[in-house]
Amino acid sequence: MSDGSSRLSAEPSRLRAENVTFGYGERHVVDGLDIVIPDHSLTVIVGANGCGKSTLLKGLARRLAPRTGTVLLDGVSIRSLPSKEVARRLGLLPQSPLAPDGITVADLVGRGRYPHQGVLRQWSAADQLAVDDAMSAARIADLADRYVDELSGGQRQRVWLAMALAQQTPIMLLDEPTTFLDIAHQVGVLDLCAELNTALGRTLVMVLHDLNHACRYASHLVVMRDGRILAQGAPRDIVTPDLIEDAFGLACRIIDDPESGTPLVIPRAGHAPHPSAGDPAPVSSNRVAAGDPAPARHPNR
Amino acid sequence: MTTTSPGRAPTIRAASYSIRLDRRAIVVGCALVLATLLASVLTLATGDFPIPPAEVIRTLTGGGTGTDSFVIMTLRLPRLTTAILVGAALGVGGAVFQSLTHNPLGSPDIVGFNTGAATGALVAILLLKGSMTEASIGALIGGIATAMAVYLLAIRRGVQGNRLILIGIGIAAMLTSVNWYLLTRADVTDAQAAAAWITGSLNGRTWDHAVEIAWAVAILLPAAMWCGRGLRVLQLGDDAATGLGARVEGIRLASILVGIGITAIAISVAGPIAFIALAAPQVAHRLTRSAGPDILPSALTGTFLLVAADLAAQRVFSPMQIPVGVATGAIGGVYLAWLLSREWRKGRG
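Line by line, the protein sequences give chains V and Z.
Mapped onto my numbering, the consecutive letters of the first sequence carry residue numbers 1 to 301.
Mapped onto my numbering, the consecutive letters of the second sequence carry residue numbers 302 to 650.
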């Protein structure tokens, strides 16, 4: 999944949004935006804090009602479809879901079957099969009877992914699935996502913070700023120092990732200017000349 | 056709229908029913006029002497039936609200419903000089009005559990002072009747009371079990629940109406009995070891707790009978302290 081919908006797409505006209260967080999620892509949305990427994801999952425009699922307005019908085609794993007290792994994963169940259809053979498959795909089958409270962060994230998998939706939306994980577990979760995308053909849309992870795993990268899309396409085609400067206000160099050949974003040494973000950090006078090897970079946040 | 899936969840399947059973929940449920039956027979057999258990059974099945029949069918059985149903109702109300607020402290007796019901009853008894029936109606109105007020104050971009609990505790504190003000202004006889009512008591409950709560349980218990399916998903948070196709606001509104309704009617029948709504779902949760919400196990646990507490209230200080609310309050206070210390240690305070 490391080198996705460029995808054009004319490609088939089950999920798209036209001229959507989302917001809370007075504020418009996503403003008149068009987006097309290519089928079978691993789409990653990146952008500075507060750029509206999580809001867009929630909007695509019909968690927020658009102020303008429409989210279309299979060509139909997503809000006109029955809720369970949507949930059989499109799943959402939020940033911080709640694990009920004393729930076991198998029980939690089983709750992903809700859209396939009814009062008189509580646990079909298909439900059991879906849960077993999801747990083995997420490699947590041996944890089935453990309590979720007692798992490590990495294991817990796999459990939530398994729950989303058990839902068996062709499209999965994941909001920062790697938050709070150490580097090895981040890579583990992303490898799992890439595998779901390639091996099972699921369309994945995720919000990520780490640009280098985004460039390595995305087949389709969407870069946002101030509620709008700045650029989208294959990471190798669109990621340039200017784009990163525009989106994040970060001066950087782009080199080829020696492992995957995808773009690798290297922040410039010293303080970077922050034209768009409201970061009050003073611009220091000792800006290092371009091309210098980066010594311990001063954290700017 | 029956198949058994791995783990502890045997499943009955026929054609496209399937019903999932939790083996442990069934065992726990049967044990609770047996324990309640035992406590019930003891309740019917003991008292100022002891009747041997064998005679109790004979009287219940239509035999027995005239005296036995009067003592059991007219005096003791209506009270016991009321206890069984009120206990179930309080357990269900507690389970629904604790699940909605994601917090054991979100139960009706903590967030002000009981206090509000007491205020309603006190206004009816002390200010309007109403009868005990009118006190029940006052409690019903007071409880529902308080619940609605707490809910409306807590709503802002959805209802958040902790906000609802804190607002509820604040309103309960305010209404408690109103209640004391009303009591201190009242004359002694009225105040005594009012104090007995607001402690929560099953003394002198008749078939009228039992029938009223029976209707409420017959309608609202199945409704609560239906809501329970949605609540299971809402427990994962609103975002995840939406992702799973739950109509979050609809489920929440239905659950709140069912929870307020069943709690308010229980309180109007027996007064604001403390701690059953708080304790029953938590005890049920620990017994079944399921992540809940365990609507039916909570109902059975509430029933057992209230029947046992009422038996104790009637017999421990015999011949004096204390209101059952005193017994549940004393046991429940210890339980609440334990629960709070445990929550704090988990860092959820």
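Derived from the structure by calculation, the hints contain no laboratory data.
Errors might be hidden in some of the hints.
Stated by the list, open to error - Using C-beta positions, here's what the derived DEER-type ranges look like: (1) Z:313 / V:141: 49 to 55 Å; (2) Z:449 / V:142: 44 to 50 Å; (3) Z:590 / V:209: 48 to 54 Å; (4) V:126 / Z:512: 42 to 48 Å; (5) V:79 / Z:512: 28 to 34 Å; (6) V:259 / Z:449: 40 to 46 Å; (7) Z:587 / V:125: 45 to 51 Å; (8) Z:342 / V:119: 55 to 61 Å; (9) Z:590 / V:142: 19 to 25 Å; (10) V:79 / Z:479: 34 to 40 Å; (11) Z:322 / V:136: 51 to 57 Å; (12) V:79 / Z:313: 55 to 61 Å.
Said to hold, decoys possible - Straight-line alpha carbon distances no greater than 20 Å define the calculated SDA-like cross-link-like pairs of lysine to any residue that follow: (13) V:84 / Z:318; (14) V:84 / Z:527; (15) V:84 / Z:502; (16) V:84 / Z:555; (17) Z:430 / Z:442; (18) V:84 / Z:500; (19) Z:430 / Z:539; (20) V:84 / Z:430; (21) V:84 / Z:539.
Said to hold, decoys possible - Derived coverage of chain V by chain Z (criterion: at least 3 residues anywhere in the stretch with Cβ under 8 Å from a Cβ of chain Z; other residues may be distant): (22) 70 to 79; (23) 118 to 124; (24) 178 to 191.
Ideal placement from N, C-alpha and C gives every residue a C-beta, glycine not left out.
List, from low to high, the hint numbers that the structure doesn't satisfy. Those not satisfied are hints 1, 3, 5, 6, 7, 8, 10, 11, 12, 15, 18, 19, 20, 22, 24.
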